[in-house]
Each structure stands twice: as structure tokens, then as C-alpha cells.
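J.: Got two chains here, separate frames each, mind docking them using the hints?
Note that the protein sequences, when read in sequence, are chains R and Y.
Under numbering that gives the first Met the number 0, think of the first position of the first sequence as 0, with each following residue one higher.
Under numbering that gives the first Met the number 0, think of the first position of the second sequence as 0, with each following residue one higher.
Everything hinted at is true.
Distance windows between CB atoms, simulated: (1) E155/R <-> L2/Y: 51 to 59 angstroms; (2) Q5/Y <-> G200/R: 57 to 65 angstroms; (3) R285/Y <-> L104/R: 15 to 23 angstroms; (4) R181/R <-> Q284/Y: 36 to 44 angstroms; (5) G103/Y <-> V18/R: 49 to 57 angstroms.
Among chain R residues calculated to face chain Y with C-beta under 8 angstroms, some are: (6) S109; (7) A112; (8) I120; (9) L243; (10) D284; (11) F285.
To be clear, the hints were calculated from the coordinates, so they are not data collected in a lab.
Please read all numbers here as calculations on a predicted model, not as lab measurements.
We treat Cβ as the ideally placed atom computed from N, Cα and C, and that holds for glycine.
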Amino acid sequence: MSKSVSRVLGAGLVVVAFVILPLLLSQNDLRNFARFLALVLAVLGVNIALGAGGIVSLGQSVFVGVGAFALVVFSDDFGLPILIALPLAALFTGLVGVVLGFPSLRVRDSQFALVSFGYAIAFPPFARWCRSITGGPSGRSLERELLPPSWLPVEELVYRYLITMLVILVCMLIAANFLQSRWGRATKAQRDNSLAAATFGVPIAKTRSAVLGLSAALSGVSGALGVILFPFVQANDFNVFMALRLYAAAVIGGLSSALGALWGVLSLWLFPLIGETIGLGGGADFVFGLTVLLLSYSQIDGVVGAIRATSAAISRRRSG
Amino acid sequence: MTLLIQRVLDGLFNGSIYAALAVAIAISHRATGRVNLAQGEIGLFGGYVALAMASPAASFVAGAALFSNLPGHPFNLWVSTFFALVVAAALAVALQRVVMRDFGESTPQRALNRSIALLICVSAVISSQWGGRARIFGELFPSDGDAYVDVLVHLFMTRTKAGLSFRALTDNRGSSVLVGIHPKRLMAIGWGISGALAALAASLAASMSLLDSSLMFRTLIYALAAVTLGGFDSLRGAVVGGIIVAQAQTMIPGYFGLPSEMSIVAALIVLIAVLVFRPWGLFGQRPVERV
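Only chain Y is shown next, with the shape it has when bound in the complex (with noise of 0.2 angstroms):
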């Protein structure tokens, strides 16, 4: 029993994690009807910015003589933390606003490929800076603060006049235009969203094990199942899809007697189970199509 609860609460520890990328992909394929597979590598930026800014020995960043001349320093990481969200949200705004301007509109393939460029270019400048070496990232304490981050974004969506309108314009782009939404302000907003969130997610998932240039693309994995479980389109559908996920990844191998990384070949099989047999997920909307 004790077993149980620990799994379940390992489990919850984990769904914090894919939920907050999960919701950064979902919001920003609302935006653009595409999924930004360099999401995660946006936020692992963000993860080494603020470890880069924790670590006292800041000596193996180009941009940390920069941080160490500021009063504080090492930072608190709670406080680097909230600082690695700014930055990748606005590494996602300016990515946003100079390379990915008509993710949205262009062909899929182009757009596949333009997400697939970026996130070979993000990687390859985090591996080029901070190298291969995995790193410790020290203790946050995540399910809580996730949790409110989560509802912080649920209320803006739901409550705020600019979360209303980036939802108006996702839903009718013209009609939203129409009665005088500016696509670009909230586009910006959007995005920079979920960069913030995908960085949640990268310091999240390092402070559980290690800041390692691959972490993201496992990641990626589990929050792309999440957000597929929970209909791509749909917030509550990707927190509750992170958590299903997160469960399923600390039971399955735990009770098959499976070594736990193979725990990325249960959440691929569900990405496959849930595309083929319900793409439209537990919380999209099914797609009516007329005839």
C-alpha cells in the first residue's frame, strides 16, 4: 500500500512535469493549428538559463559574467527559476515574431519543417554552450507550484480580456479581426505562454533527475501523448493527460518488473492507441465534418 501512494504521488510528481509542457504545446497549437516540436528545447533554455544563474561557479556560460556582476548572485533558484521563465518567454516571442511569423499558414510540410529547423538549431546551441555533461540542477519543489501555475493560466484564458481574445481569435481568426483583436499582440502573448511554461516544465523535469542537453526530447515524448490523450486543443485536457500519462509511466513499469526507461515505449504506444483510435482525444472537440 505504501508502495501505492508513493508510485501515485511519484506519479503526480511527473504528470506537474508533462502537464506544463503539454499545456505550452496546447497553447501554442491553438495559436498556429500546428505543434512546435522545438517547444520543449525552448524551455530547456530557459533550464540552463537559470541554472547558469543558481550555480556559483557560473564560470562555463558566455552569458553568466553577466549575471554574476548582479547583486545576489548565486541567486536563489526559485528566483533563477522565475527569471529562465522571462527569458524563454521571450526567446519564444522573438522566435515567434522572426521565424515562425506564419507557422499557422504556411503548408504542413513547410511548417514541419520550419519547427524541425528550429529545434535542430535551439539544440544545437545549447549543446554548443553548456556541452554534453549533465548537471545537477538542485531541489524544487514542483507539484504544488505547478499546480498554480496551471490554474494562474486557466483563470488568464478563462477570466482576462486578452485570454478571451486570444481564444476568440484562435476559434474565428476573421471575425475576431472584425470586431478589432490584434492578432499579432496576442500571438505574442500566446506564445510567449507557453515558452514560459515549457521552461517550467525543462527546470521541473531537471530539478527530478539532471539539466542534460537530451532531457526535453523524453519529455517531449510523455507531453505529447498527454496532449494527445487529452485532445489537442483542450487546456484541462492536457493537465488531465499529463497526469494519466505520469501515472501510467511509474505504474506500468513498476508492476510489469520493467526497468523504468522503458516507460517511453508505454507513453509512444499511447500517442499511437489514442491517434489511430480517437484522434480528437478525451477533451477535443470531435471534428464534424460537412458534407
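With the rest of the complex left out, here is chain R (with noise of 0.2 angstroms):
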């Protein structure tokens, strides 16, 4: 595709999500589709820290549930208006993901996988322990809305589903710009040589914890989205199989583009679907495993991945 086509496709997915789909659908199909969409920040997430870090986070859900309990606490227990908490929640979960992130910058990165998956079983047990932050087991509401500010004349819902749109929109273009940057370069040279690259002068340390905390900081505002979205939220929503679901998705996505995240988040959402209709019930899941099982048979980069191929495939039979 050429960068022109993309572009245009771009725009046009823009329009379509901002002004016609808030015309089309009813405010709780809105509602639904705009959580549903919040997960790709998530998935980004993981996209970011394994595809151009090479850090294997099996354990994004932590920064998921992390996000979504600071926004409730900068909210409602600090008294702060929901668009100050959001950008708030998610420098907290930065910070958390620098701070979990430091085995990372000690350990192999085989073994941090195991560190990782270690956070997402702890997680929902830790969660509930901390009971004046996150209500125990039983969860906690978020009491303060959202509204849309007097001069807007549009329902509360479809602002919020505007609000989290754009949210998601200028995540993805700080991190495809993140990518793009001096600091996403040296993050794609200690992935591919540590060694080389810190004789070419690239802080390896600096530039992993950069990377979780930005990958952890997505993550934070997927969760925080979703609670404004749904002001609703439990320790035990966060759990391994959370964790398992995001890292499958970002691997069936493809891990070589930010875009992966986008297709990642499409199976999250398709492959339920395709798990019913074969009849296997809740083995949704099962569909997941599969995929990420044939695709580490073969040497395609998920869906981003196909698509090049077949890209590529396409030009070179045009040109002859």
C-alpha cells in the first residue's frame, strides 16, 4: 500500500468512527463498541514492548487493572475532574510499569516472561488485599461522571464515546511517533543487540524502562477508558486469562507495526464470535491458542505481516 492510500484509508476510518457511527448506532451499541475499542490501547501494550522492545509482557492486565483503579482514585477520592485523572492515571501506570519493569533490565528475557506471567497471577489476590483503594472483592463504582461540557449538544454517551475515540486516536499517533523517534530506534537496536548497541551509545537500561513505561501507560488509559466508559470496576476483571487474551491478540496481530494492535483487537472481538458458531461454547479462547500455535510455526508476523506478504505478492506479479 502506498503511503498516500494508507493515508486517505486513514482519514476515512477517522470520519467514519467520529461522525458517522455515533449517527448510526444506539448510544449503548456506542458504548460497547467504544470499550471494545479501548482494549487496543492494551493490546498496544504488548504490541510495544515485545514487537519493538523485545520484552515479552505476559503480564499487561496488571497495568490494565492498575489504570482503571487511579483513575477512580484521582476522581473520586482526590476530588479531581475525570480529564485531569485520566492523563494522571495513566503517568501512574507508567511509573508502576518502570518500577515492575526493573527485573527486566537484570533478567533474560526468557525469564522475565516468567517474572511477567508472575504479575498477572498475583494481581487480582493483591488487588483485593488493598481494599481501601479498590473496594476489597466486591469492586467499586465511579461516582463522578463524565458530562459534556453546556456548549456541546450532544448526549452524555456519545460524548463519551467522542472523549474515548480521541483518547485512542492520540495514543496510537504517540506511539507510532515513539516509534519513529531517536528513542524508538535505540529501543529496535538494544532488541536486536544489546551489546551493539550500547557500544554505539544507546542507554540500554534508559531506553527498556522507557519502553514498559510507555507500554504499561497505554495500558493504564485502556483501563481507565474503560471504567469511564462502564463506572464500574473489580480486582478480579484483571485476571491471567486477561493477561493470556492480550498477549495472544498482540501476536495474532502482528508485532512489527503499531498497526497490529488494531487487528489484535479485531480477534479479540471476531474469534468469540467464530468459537460460537463452530459450536465450541466457551472455548472461545481454544480458537486463540490455535492461532498463536500455528503462527509460531510459521515465519508470517501475524495479520500485519500476511498482509505484506500479500502486498508484496500482488506488485510482483503486476510488475511482471
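T.: The structure is reproduced here in C-alpha cells:
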């Protein structure tokens, strides 16, 4: 795909998301769609950490959870408006990501996979224990509502939907720019050969921390948006199954480009449907597992890789 | 004092569970050089098979029709558990033959993806087959039983020809193939033993609490901490690690006034601390780098 074509396509998608969908869908559908699309940032977190940084993050559900609880605490307990609490929650989750990512500076990547898997398993009991922050096992609801300003003639839910879309768009742009920037190139350099990268002056520890921080912050935004759209949050939601699903979605979407997160989140929606259609019932996860398994035998980098390979084959055939 | 003794005994009880899973992970790590994250779920599958055989009203399993026609049904829990070990071993061997064939040879990333994919698949099969509700498993008396099994595994590895060949194979693949050792058959034996041990761990863990589909995730963290603490390749280390982790698990919440489920955080801290400060564990070999 040439650059101008993809740009037109991207602009078209933005128009559809911001103008056409709010006119077409009912408020409830809009909310469900937005809740679902917010997961794209969580998948993007895995995508950036693993794809660009080479750091296996099996515990991304933790950061989604931290972001969600941080938003509730900042807005309800500290009395901040939601639009201020949201970036603060992202910042806080980013810091948590840097702290929890510390072992990745010391141990091999395959071992950090175990550690991050441990985070995913230990988070729900830990969160239940922090009763005053998370409301214990019964969870907590967000009291403050995000209301549209008086000059904007839209419904509450439509306004929340628009804000969600805007935040997702901004976060995707931030991530894409990060990958293009000096830091992004340094990230990829240390992934491919950390010794060579260090020789060329890349600060390995700082780069890895920055990647993990960004990855966690993105996932935190995803969790926070989830609470804004549906004002109830519970520690058990962020369990190890969510972590595994996010990881699988990132791998299925493709890791070589941030767009892979978008395809990955599509698989989160599509696979349960496929699972139901072929009669697996609750076994939608089986489709995830099977796809990841098949991908691990091939050289194809998920959906992104498949699209790239197909378009390359087409253009080769055209040129003769 | 009684409380202390009670806690030590509890710890030994749990320790035998973690030791079984830790030894399973250590054996498959020896065979392939990689951690198989799906180990716990393979064992859990065995645990559910045991339950299906042991329960009289077995209508909730697809395979129960088969079991209920066998003479002697419902079976004694010991018989069912033994059968479950066989089933889990067969499952592990089948998985090794079909999907994990080059688990040890592929890149770390690919191998990790494969074991995660397997974990997701097996767990999906379990939850779609047996559902999310926790089930009562019944009483097994584990500490002794498991100690015997660990001794058996140790004797197998140090005294039998197959065990020695397995160790030779994992130590130096090229040379052992040259002296006539069959890697395929031994890999199957190694995976089979680790599958059976994982099923033992699952059955013991289920008899401690309840059998539910996320049981082995919790157990897996303790077992990973144990196997890391023991040094990844040492079977003895895995057993000792399991006991230490289990003692810490009962002591730390007991004496610091934390809820018992918080002990999982303690296990996580052990895991991280060992990986950061002493990656070769207590009994593992310190890697020597030649310059």
C-alpha cells in the first residue's frame, strides 16, 4: 500500500468513527463498541514492549487494572475532574510499569516472561487485599461522571464515546511517533543486539525502562477509559486469562507495526464469534491458542505480516 | 508451639505439591532447555480425569460414559488418581510428539509462544469441558505419597539405564546420539514423567482445597519460584525449593497478619529476588563464560 492511499484510508476511518458511527448506532451499542476498542491500547502496550523492545510482557492485564483503579482514586478520592484524572492515571501506571519492569533490566528476556506471568497471576489477590483503594472483592464504582460541556449539544454517552475515540487516536499517534523517534530506533537497536547498541551509545537500561513505562501507560489508559465508559471496576476482571488473551491478540495482530494492535483487538472480537459458530461455546480461547500455535510454526508476523506478504506478492505479479 | 508445628506441617503438605510440579518443570527444562508454562494445565487435565472417574454422578464429563461402563465404578480415589497420572503422561507425550517437537531447538520467542498457546488451548478445553464451578475432590494423604514418588523419580534418574541416558542426552546431545542413545524415545519418557508429576501436583492441590480451572495458575507461581530457587536443572533443588517456598508461604502470612492469598506475592518476590541476585539458584550450576 502506498503512503497516500493508507493516509486516505486512515482519514476515512477517522471520519467513520467520529461522525458516521455516532449517527448510526444506538447509545448502548456505541458504548460497547468504545469499551471494546479501548482494549486496542492494552494490546498496543504488549505490541510495543514485545515488538519494538523485545521484552515479553505477559502481565499486561496488571497495568490495565492499575490504570482503572488509579482513575477511580484520582477522580473520586482526590476529587479531580475526570479529564485531569485520566492523564494522571496514565502517568501513574507508567511509573508502576517502570518499577515492575525493573527485573527486565537484570534477567534474560525468557526469564522476565516468567516474572511478568507471575505479576498477572498475583495481581487479583493483591488488588483484593488493597481494600481501601480497590474496594476489595466486591469492587468499586466510579461516582463522578464525565458530562459534556454545556456548549456541546450531544448526549452523555455519545460524548464519552467521542472522548474515548479521541484519546485512542492520540495515544496511537503518540505510540507511532515514539517508534519513529530516536528512542524508538534505540529501542529496536537494543532488541536486535544490546551489546552492539550499547557500543553505539544507546543507554540500555533507560531505553528499556522507557519502553516498559510507555507500554504500561498505554494499557493504563485503556483500563481508565474502560471505567469511564462503564463506571464499575473489580479486581477479578484483571485476571490471568485477560493477560493471556491480550498477549495472544498482540501476537495474532502482528508485532512489526503498531497497526498490529488494531488487528489484534479485532481478533478479540471476532474469535469468540468464531468459537460460538463452530460450537465451542466457552472455548473461544481455544481459537486464540490454536492461532498462536499455528503462527509459531510459520514465519508470518500475524495479520500485519500476512497483509504485507500478500501485497508484496500482488505487486510482484503486476510488475511481471 | 503447637501453632508453629501446625504451620510447619502445613508447609510440608504444600511443599510436596509444589515440589511435584517443580520437579516436572525441571525435568522438561532439562530435556528442552526451556520452561514449559503449560505444564500445570496438563496436570490439571489429569486432575479432572481423576475426578471424573471417582465421582458417581459423572454426567458432567463427555468421557464419563466411558468410565461409568468400566467395572468398579465409581473408582477409589487412589485408583482414579493413578489413572489420571497415566492419562496426563500420555497427553504430555502426545503433545511433545505433535506440537512441541522442536520446543528446545526453536528460538526462545517462538518456544515461549508455543507453550503459551498450549497453555491457552488446554485451559480452554478444561473450562469448556468441565466449566468454571469449583468441585470437591476428596481426601488424598499426600505428603507421604509424594515423597515416595520423588524418591522414585530420583532413583529412576540415577539408577536406571533410561534415566542415565536421559541425563546424558540433556547434558550433551551430540555425543549421546553418537553412543547410541535414542533422543526421541527418551524425550517421550521425560515428557511423560513430567506430565504424570504435574497431574500428581494437581490432584494433591485439588485435595487440599477445591478443583477449579484456575487452580494450577496459583500453583504454577509457587512451583516456578521453587524451581528457580533450586536451580533450573536440579531435581533435588526443585524438591528443596518447593519445601522452602511452602514454608515461607505458611509462615509469612501467618506471622505478619496477612491474608493467606497474599502469600502468592511472597512467592513472586522470591522468584524475582533469585532471578536477579542468583540466577543459577541454590543447587544449579553457575554458568561459566569462556572468553
